[in-house]
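Visitor: Construct all of the structure, not just a fragment, from the sequences and the given hints.
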Amino acid sequence: MSANPGATTSPKCNTFILFFCVKCLCVTAQSKYNFEPRAGLSWGQPIVAEKLPEGRSYKPRLLLGYWSVADLFRRKPSRLLVYIEPQLVYVPFDDGTAPAFEFGVNAGLEFQKPVGARGFLTAAIGSGPHYITVETDLQHKGYIFSDNFEVGWRQSLGASPWRLALKCRFRHISNANLMKPNKGIDNWFVILGLTRALHART
36 MSANPGATTS PKCNTFILFF CVKCLCVTAQ SKYNFEPRAG LSWGQPIVAE
86 KLPEGRSYKP RLLLGYWSVA DLFRRKPSRL LVYIEPQLVY VPFDDGTAPA
136 FEFGVNAGLE FQKPVGARGF LTAAIGSGPH YITVETDLQH KGYIFSDNFE
186 VGWRQSLGAS PWRLALKCRF RHISNANLMK PNKGIDNWFV ILGLTRALHA
236 RT
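In my numbering, each number is its position in the sequence shown, counted from 1, plus 35.
Derived EDC-like pairs: lysine to aspartate or glutamate, alpha-carbon spacing no greater than 16 Å straight-line: (1) Lys176 with Glu137; (2) Lys218 with Glu170; (3) Lys218 with Asp172; (4) Lys94 with Asp221; (5) Lys215 with Asp172.
Restraint ranges, calculated between C-beta atoms of paired labels, are given here: (6) Gly219 with Val150: 27 to 37 Å; (7) Val104 with Phe138: 17 to 27 Å; (8) Pro88 with Ser195: 41 to 51 Å; (9) Gly151 with Leu213: 40 to 50 Å; (10) Pro196 with Lys86: 37 to 47 Å; (11) Leu156 with Pro88: 36 to 46 Å; (12) Val104 with Gly177: 24 to 34 Å; (13) Leu76 with Val117: 12 to 22 Å; (14) Arg231 with Ile160: 15 to 25 Å; (15) Pro112 with Pro88: 40 to 50 Å; (16) Lys218 with Trp197: 32 to 42 Å; (17) Leu115 with Tyr166: 22 to 32 Å.
Since the hints were derived computationally from the structure, they do not count as laboratory data.
Just so we're clear, the structure is a prediction, and the values are computed from it rather than from any experiment.
Even for Gly, the Cβ is constructed at its ideal location relative to N, Cα and C.
Guide: This is the structure we're talking about:
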């Protein structure tokens, strides 16, 4: 039986062709681009604290994870990384009251500009859902959003896979008026961190 010239290809055939084209593009990209994900930990120390209405200063200590998952600039000298940042936060108070805690995860974009052989000037923004336990007339306890921006420096440690980071960060937490009060809590931090290159990924 001769083929019908007016017949269209089946959905399965179209899917196979699309998959084949995407696969070819991926193979081509792999030969030109090699993204190196990194993971690490950072410690954040407050340098400017919010004064709560109750007379206490809100001085969070930040324990931050870091995992870069993609580079949106790909083959350019500069990088625009997508990163994930889980956070565990301890907030002691000077007046002897029980400490507060925060936990959550941020996602963000980090721009890295190479400077010299092993340095990177960085700038980043991030945001994500968190939970806070502090009770204050300034901000309702419970679920909030943590928004931050920062500038800093990353320095490769010789030929090793390790890289040191020093950053200054501004952070604002509030709940988008989901619960009252919602005046927000602001802090400035100095952050010191260390990341390690994971296996290279294309």
